[in-house]
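Enquirer: Residue-level listing of the chains:
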Amino acid sequence: MHRRDFLALGAAGMGGLVLPAMFGRAIAAEELNSAIDVAVKKSLADAAMNAAKSAGASYCDVRVGRYLRQFVITRERNVENIVNTESSGVGIRVIANGAWGFAATNEMTADAVAKAAQQAVAIAKANAPAQTAPVELAPARGVGEVSWKTPIVKNAMAVPIKDKVALLMDVNAAAMDAGADFINSILFLVNEQKYFASTDGSYIDQDVHRIWAPTTITAVDKTSGKFRTREGLSSPMGLGFEYLDGAASGKTVLPNGVVVYGNSYDMKEDAIAAAKQARAKIKAPSVKPGKYDLVLDPSHTWLTIHESVGHPLELDRVLGYEANYAGTSFATMDKLESHFQYGSANVNIVADKTQPGSLGAVAYDDEGIKTKKWDLIRDGKLVGYQAIRDQAHIEGKKESDGCAYADSWSNVQFQRMANVSLEPGKAKKSVADMIAGVEDGIYIIGDGSFSIDQQRYNAQFGGQLFYEIKNGKITQQIEDVAYQIRTPEFWNACVGVCDASDYRLGGSFFDGKGQPPQVSAVSHGSSTARFNGINVINTARSLG
Amino acid sequence: MSILTEAQSKAILTKVVALSKADECTAQLTGKIQGNIRFARNNVSTAGLTDDIELAVQVAYGKKVGTATINQFDDASLERVVRRAETLAQLAPDNPEFMPAVEKQSYKPSPTFAQSTADITPDYRAQVAATSINACKTQKLIAAGYLEDNQSFTAIANSKGNFGYQRSTMLDYTCTVRTEDGRGSGWVGTDTQDAARFKADSDIQIAMRKASASSEAKALEPGKYTVILEPMAAAGLIGFMFYFFGAREADEGRSFLSKKGGGNKLGEQVFGPQVNFYTDPWDPVAPCEPWDEDGLARQRMDMVKAGKITNLNYSRYWAQKQGKPAAGQMGNILMTGGTKSTADLVRSTERGVLVTRTWYIRMVDPQTVLLTGLTRDGTFYIENGQIKYPIKNFRFNESPVIMLNNVEELGKPVRVPPDEVSMNIVVPPMKLRDFTFTSLSDAV
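As given, the protein sequences belong to chains V and X, one line each in that order. Here the working numbering is used: the first residue of the first sequence is 1, the next is one more, and so on. Here the working numbering is used: the first residue of the second sequence is 1, the next is one more, and so on.
The set of hints was computed from the structure by calculation and includes no laboratory data. For glycine and all other residues, C-beta sits at the position ideal for the given N, C-alpha and C. A few of these clues could be false.
Said to hold, decoys possible - To list a few chain X residues with every Cβ distance to chain V over 12 Å, as calculated:
#1 R38
#2 K104
#3 E148
#4 R178
Claimed, not checked - Here are the computed lysine-lysine pairs in the BS3-like style, where the Cα-Cα straight-line distance is at most 27 Å:
#5 K251(V) <-> K268(V)
#6 K224(X) <-> K288(V)
#7 K125(V) <-> K226(V)
#8 K321(X) <-> K222(V)
#9 K222(V) <-> K260(X)
#10 K222(V) <-> K324(X)
#11 K64(X) <-> K162(V)
#12 K15(X) <-> K226(V)
#13 K470(V) <-> K288(V)
#14 K137(X) <-> K226(V)
#15 K125(V) <-> K53(V)
#16 K260(X) <-> K104(X)
#17 K104(X) <-> K10(X)
#18 K259(X) <-> K226(V)
#19 K224(X) <-> K276(V)
#20 K288(V) <-> K260(X)
#21 K226(V) <-> K64(X)
#22 K335(V) <-> K397(V)
#23 K222(V) <-> K259(X)
#24 K324(X) <-> K137(X)
#25 K392(X) <-> K226(V)
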């Protein structure tokens, strides 16, 4: 689902008038620094809840949202587009006669929200007769009036456009000087100002910030007709503009000299390295297909975790609600009951909506539930799913996991993936230690091509950089690598995970689910991990 | 009400263009009413209606461009949106690839609107869901599906006197049907501007048949097979390939259409001689608006003729730089074929694999457009012209460029839902030799 959203933004770069509709109206940059007064939000929420209750709702929640986004899109020495968007409005969800109803309005007046609340109740009442069982909400206590903000140092929306343009132009020039033929570099900045209120007695004001700075560097060899790209090794993060400071503390130099990044990214340094590595990829020998021991860097593993653990352990997929779009899951309820051996004893996977710096971090989810960290896989055994308030009882749980999310005030909240991460190994182990034990392997850095079936069994992953490992030593850069897995076999082949000193986050800014589709942002952490005997194919072809 | 008439649109756009003090001004007014219903586990899960209208204004001072949008149309709001676009333009850096607004164009209307779709009511949507669910319930099958319909309009104008207005409609229906034991799965989808062409009761039967027939699948060794791709299975790979038909990328040396030593493959034989692709806004089955995103008039245009590349997508900037005439960029993908149905193609096949649908297609290597993805919702083994038994799903690693050099026969083209494609697409079922399956999938 990631690709389509990226293409939508590509189109925004080409046709100035065509903004991706989901991002709302275009505004001036200065407007990105303001917020709606909290008292106004509370009075709108109260108006909606009173109207809903009067119309017969047994429960009502109100989300007053202002969603701000800024994109700066460049290629080589040109700024292709600068887009500021704002979308604000109120989404009202109710339960009446045991059924859900939802309505939304962009008119921020007491009358308009009251009318929308009545409409939501009418929809719920219309849906009720067809409902097989009434909605059952896991209990939640109201939290009163509280607020939370992503702990950022520099608000990216407050950084002047000219500084952002100057940064990207400097990065692009450095990449071109280092031998790149082309570079695309983009800043995606997001601020979600979200106010949640419910008839349980919660009034929650949250200010959520996210940043992403992706690049694609291309090297072309016209004589041979070959070209290769190397994408930036940054991650989208739940941080402010300080993520782009390039602090030394955020850097890790891997045993083969490749520099990877943690909570601080040096965009220029990475672009220079990418230009050289893309050139080297053109000349790198092609992989011999077969079984290899894979050593996977966290900049790569996040996507494998996302696809083969995060998605199959979403309860709505397990139950079949996503059968016509995102898919179902092989990890059926009977496997939870029998504590299915999902992976080896080295595999401990947690869901976490509180992790600092992560894309999914909030204090309360979009149902007003205090967020938490919980186990999905413990000692290799399946022990949990991701569920929200109206699903918890299906899993026999007494509380929601706090992972409801809506990408806009105008869309209804539903279950979305929490940050799902592989815990580091407990024993002290560095990346060098891990590589020293590998006889015949491949070291993969960065995420590449990805595809997985609708039940999350069979997956194929590429990467950005591949290195051959022979007898405990990294010998050379290689190309044309993709590995194919069957999810449980893959995780059961995990023979080791490096310690916490190597732990880093990767993530997706645009993860899609639902009809009509909604996007969400989610992080996945891990330390470098080793998987034995994995099937590697060669992806080189000839067009004659 | 989000649907304005041509006269109402013209009045607003004329006012906007006149308000601008910039060197040039382009404005676009779009409105859409969209309805949907979603169902799963044989129950309706959500239903919604959204109604939206927006005015976008783009102005330029020299090579500096600014864009602003608004959804209110009183005089003060129109003034505000124009001034905001002007302010943004004055702050913007020069765009070295700036292209002036298009000259006055002549647009021939295309048949994108059908009253039958504009007339859809919430009851109609509920009925489609009920028809799908009830048919499945009677045969102990489980339906999960989605119907979305919309009516919309687009009006464009600029300070060079250009103006265009057109209304459109769309209906998109998909349904996945699974057996109760989860061992069989089928799928059906329809995409059309004209609801009169959509019949939920006959469509759902296709998905139900596939679901029942795909249970008890046997495993076949991965490898190279003769395949029959149903139109939906072929569309995913072909649609993906057309994202890489840009002239600029080809000229820059970073596309499968780049030529060794420099330049592009325009005029070269890239596919087998049976392969023809064209684009045509006035196609009655899969029409598109008669102008592109820049407002340039579209034309009927051959993209591939008898396997040779006859056109690439040129942006106006790249066309100018390369000394080529600028044409409206393609808005639909139409492939020619023969007259045979998928069933006819099966009858003439000694041994092969029938693929209903492909899924989760992603680029593996842009150098060769090597794509990976999976089969799903009905994969069958064919022997002596008959479907012998269902087989387990495969992962494929295949390039549409290689695939379209291995064509045995093409059937009758049909329009399919745009699963991996952003344009309307018409493709035939196709019989292909040596299609590469690289592993088995246990997924149903």
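Enquirer: Hint by hint, work out which the structure violates, then give me just those numbers in ascending order.
Expert: Hint check: 1, 3, 4, 7, 12, 14, 16, 19, 21, 24, 25 fail, others pass.
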